[in-house]
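Those protein sequences? They're chains A and B, same order as listed. According to the working numbering, the first sequence is numbered sequentially starting from 5. According to the working numbering, the second sequence is numbered sequentially starting from 65.
These aren't lab readings, by the way, just hints derived from the structure by calculation. Treat the hints with care, as some may be off.
Some chain A residues close to chain B (C-beta under 7 Å, calculated; not the full set) [to be verified]:
hint	residue
1	Phe40
2	Val144
3	Lys147
4	Arg149
5	Gly196
6	Ile238
Some, not all, of what chain A presents toward chain B, calculated at C-beta under 7 Å [stated by the list, open to error]:
hint	residue
7	Gly150
8	Ala190
9	Pro192
10	Pro225
11	Ala237
12	Tyr249
13	Ile255
Capping the alpha-carbon separation at 27 Å, the derived lysine-lysine pairs in DSS-like fashion look like this [as the list claims (entries may be wrong)]:
hint	chain 1	residue 1	chain 2	residue 2
14	A	Lys253	B	Lys391
15	A	Lys91	A	Lys35
16	B	Lys291	A	Lys253
17	B	Lys291	B	Lys367
18	A	Lys80	A	Lys91
19	A	Lys80	A	Lys41
20	A	Lys253	B	Lys292
21	B	Lys391	B	Lys292
22	A	Lys128	A	Lys91
Built from N, CA and C at the ideal position, the CB exists for glycine as well.
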Amino acid sequence: MKNYFRILTLILFFFGLSYNAQAAEKVEYLKTDWSFKGLFGKFDRGSLQRGYQVYTEVCSSCHSLKYVSYRNLAEKGGPEFSEEQAKAIAASFEVTDGPNSDGEMFTRPGKLSDKFVMPYENVKAAQAANGGAYPPDMSVLVKARGGGANYIYSLLQGYEDPPLGITLDEGVHYNKYMYGNKIKMANPLSDGLVEYADGTIASVEQMSKDITTFLMWTAEPHLEARHQMGFKAIVYLIILTILVYFSMKRIWSRIETEV
Amino acid sequence: MSDHEYTPKSKVGKWFNDRLPLLTLANHLTDYPTPKNLNYWWTFGGILTFCLITQIVTGLTLAMHYIAHADMAFESVEHIMRDVNYGWLIRYIHANGASMFFLAVYIHIFRSLFYGSYKAPREIIWIIGIIIYLLMMAAAFMGYVLPWGQMSFWGATVITNLFSAIPLVGEGIVTWLWGGYSVDNPTLTRFFTLHYLIPFLILGLVVLHIWALHVPGNNNPVGIDIKKPSKDTVPFHPYIVIKDGFALLMFMIVFAFFVFYTPNILGHADNYIEADPLVTPAHIVPEWYLLPFYAILRSVPDKLLGVVAMLSAILILAALPWLDTSKIRSAVFRPLYKQFYWILVADVLILGYVGAMPAEGLYLLIARIATAYYFLHFLVILPVLGYKEKTLPIPLSITEPVLGGSPDLVAAKNKESLNN
Chain A
5 MKNYFRILTL ILFFFGLSYN AQAAEKVEYL KTDWSFKGLF GKFDRGSLQR
55 GYQVYTEVCS SCHSLKYVSY RNLAEKGGPE FSEEQAKAIA ASFEVTDGPN
105 SDGEMFTRPG KLSDKFVMPY ENVKAAQAAN GGAYPPDMSV LVKARGGGAN
155 YIYSLLQGYE DPPLGITLDE GVHYNKYMYG NKIKMANPLS DGLVEYADGT
205 IASVEQMSKD ITTFLMWTAE PHLEARHQMG FKAIVYLIIL TILVYFSMKR
255 IWSRIETEV
Chain B
65 MSDHEYTPKS KVGKWFNDRL PLLTLANHLT DYPTPKNLNY WWTFGGILTF
115 CLITQIVTGL TLAMHYIAHA DMAFESVEHI MRDVNYGWLI RYIHANGASM
165 FFLAVYIHIF RSLFYGSYKA PREIIWIIGI IIYLLMMAAA FMGYVLPWGQ
215 MSFWGATVIT NLFSAIPLVG EGIVTWLWGG YSVDNPTLTR FFTLHYLIPF
265 LILGLVVLHI WALHVPGNNN PVGIDIKKPS KDTVPFHPYI VIKDGFALLM
315 FMIVFAFFVF YTPNILGHAD NYIEADPLVT PAHIVPEWYL LPFYAILRSV
365 PDKLLGVVAM LSAILILAAL PWLDTSKIRS AVFRPLYKQF YWILVADVLI
415 LGYVGAMPAE GLYLLIARIA TAYYFLHFLV ILPVLGYKEK TLPIPLSITE
465 PVLGGSPDLV AAKNKESLNN
């Protein structure tokens with residue numbers, strides 16, 4: 005038994021070490037109380053819905069969400085719009101479909117099964133419209149950045165005037181959380197930029213939090229199911245472990261050796 | 065294999081067993097006499113078998129949904145994560161399962177190092193183990209390439225480029241490995257094929273590993289030869305089965321924590337960016353379990369010698385039964401070796417740490433010292449120690465540790481005297 009704890013300590017020590025190794029060169033990011041962290045972490049529905057609004061009104065003109073479908077908006081564990089709302093959202097977008105029986109491509113209103121409509125035809129078109137920079141697809145963006153949610157949250161609030169001695173090229177902006185501090189994306193948020201349907205005041209901080217929550221969901225749509233199942237699985241394993249421990253003690257007691 | 069004759073009771077059983085002695089095998093496995101003083105470090109063999117089976121089962125399921133094509137691989141992984149029922153669970157088990165597998169294998173290897181399990185008559189078990197370990201690294205590396213993220217692509221580029229260090233034919237070999245002039249679709253499809261094949265090779269070798277183990281029987285913490293069956297042994301079932309089961313459950317709790325609560329912490333964020341041959345990531349880092357060898361590779365200034373050093377660091381382990389000249393197996397009775405053992409553990413952890421850091425300045429210096437020490441341990445310290453070290457007296461048997469020096473044995477003795 006004692007030995008096992010020694011093994012566990014070693015394991016934890018090692019992971020601690022490798023985790024620190026990765027964390028070594030990070031800047032201190034802004035933090036906020038994310039509802040999706042922790043053993044029972046869930047998304048804040050209101051925040052997800054507001055985040056969706058920020059995405060459509062602000063981000064979606066440049067950033068795609070190519071792995072997300074309109075039906076996901078009505079699914080459990082997401083923003084949980086009603087099916088009618090999700091249908092209406094989908095129908096508000098024009099989707100290119102086809103070819104039809106005449107061999108022609110045509111446009112039709114979006115359906116639940118469609119993926120989110122992309123702002124640009126292709127990467128080249130996106131680059132051409134953005135001074136050579138490609139606005140990354142945001143479907144898994146939170147997982148694709150070292151700092152995760154805190155990084156995105158900080159970046160959106162990290163625009164500043166460049167410190168003395170740093171000159172920026174045309175179309176480049178200074179952001180204290182960006183790797184290398186230079187970013188092609190202009191500051192996308194300003195106070196009151198969107199008018200929230202639920203009356204929440206749209207400060208930059210609030211919008212940053214909402215859009216980050218929304219992007220966390222697009223990156224991990226099954227996060228809530230994962231946390232729920234994880235808790236059950238671990239409780240089950242602990243109970244089983246205890247039972248097996250006592251059976252083991254009993255079996256080994258037949259030969260009087262310390263286990 | 066078995067030490068005693070086994071005859072099935074039923075007529076059908078006997079008829080079948082005479083033609084294919086599966087029942088004899090099952091009887092051998094349940095009755096297999098195991099030293100009764102095995103501690104929890106010995107439970108990792110069972111845990112590793114569990115890891116292998118988990119990887120194969122989850123891997124098969126993933127392969128049903130994954131598309132091995134440079135344009136579709138990344139998307140198909142996202143499809144698994146989003147639209148396949150419990151796809152996220154299966155993929156996270158598979159991805160974290162690789163890390164758990166290596167965690168367990170490192171404990172298993174270092175257990176052998178501490179208790180001298182590689183020494184005669186168990187050299188073949190040990191060498192098969194090293195081959196399994198090499199195949200595991202190959203499988204893990206190729207598996208990491210399959211999601212076709214940035215780290216997949218650039219990791220594959222860096223590792224395959226190592227072969228270009230071979231004089232004269234190096235460049236040709238790299239082109240041959242890639243199936244083209246850069247890492248691209250042909251590379252991905254062949255990596256997928258090999259990633260699918262290797263686990264079954266490992267499975268076959270595991271059978272040999274266990275077979276080879278069942279010839280001399282288990283080593284044990286005291287490291288002495290024991291008579292089987294005797295007072296020193298217990299039948300594998302139920303004693304070892306329940307103990308391995310308990311340890312496996314403890315291991316699964318740690319495993320589940322990673323899968324359900326921090327599924328991406330052991331991976332690199334860049335691998336959620338789709339592979340782009342035109343953009344090189346700021347730091348190309350392999351998965352944590354390869355970091356010590358990566359540190360050795362980078363600590364040598366010459367490319368070819370670096371590759372040689374890295375390969376030697378692994379292959380030197382295969383020569384261990386002959387490099388370690390001490391007749392005493394267990395470090396419990398080798399006071400000096402015990403200290404050098406822990407220094408080696410620290411050395412490997414340090415190598416892992418600097419492997420994750422940029423190869424410059426102080427990190428590079430530490431990496432070089434640690435690399436030098438790694439080879440010093442195996443090539444100088446171990447051979448010399450066998451002749452110089454004054455070992456402690458070893459007991460004659462597990463149950464009668466009259467000459468015992470270890471605290472475990474003293475405790476066992478005390479308990480025995482209490483019972484008398």
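Now for the hints, and whether the structure bears them out:
1. Phe40: violated, 12 Å
2. Val144: Holds. Min distance 5 Å.
3. Lys147: Interface hint status for A/Lys147: holds (4 Å vs cutoff 7 Å).
4. Arg149: holds, 6 Å
5. Gly196: violated, 33 Å
6. Ile238: Where the cut-off is 7 Å and the nearest Cβ of chain B is about 5 Å from A/Ile238, the hint holds.
7. Gly150: Holds - the Cβ of A/Gly150 comes within 7 Å of chain B, reaching about 5 Å at its closest.
8. Ala190: violated, 22 Å
9. Pro192: Since the shortest Cβ distance to chain B is 20 Å, the answer is violated.
10. Pro225: holds, 6 Å
11. Ala237: Result: holds, 5 Å to nearest chain B Cβ.
12. Tyr249: holds, 6 Å
13. Ile255: Holds - the Cβ of A/Ile255 comes within 7 Å of chain B, reaching about 5 Å at its closest.
14. A/Lys253 with B/Lys391: With Cα atoms ~35 Å apart, A/Lys253 and B/Lys391 exceed 27 Å; violated.
15. A/Lys91 with A/Lys35: violated, 35 Å
16. B/Lys291 with A/Lys253: The hint holds at about 25 Å.
17. B/Lys291 with B/Lys367: Not OK: B/Lys291 and B/Lys367 at ~51 Å, beyond 27 Å, violated.
18. A/Lys80 with A/Lys91: holds, 16 Å
19. A/Lys80 with A/Lys41: holds, 18 Å
20. A/Lys253 with B/Lys292: Given that 27 Å is the threshold and the Cα spacing comes to 24 Å, the pair holds.
21. B/Lys391 with B/Lys292: holds, 21 Å
22. A/Lys128 with A/Lys91: violated, 31 Å
Comparing the model with each numbered hint stated earlier shows that hints 1, 5, 8, 9, 14, 15, 17 and 22 do not hold.
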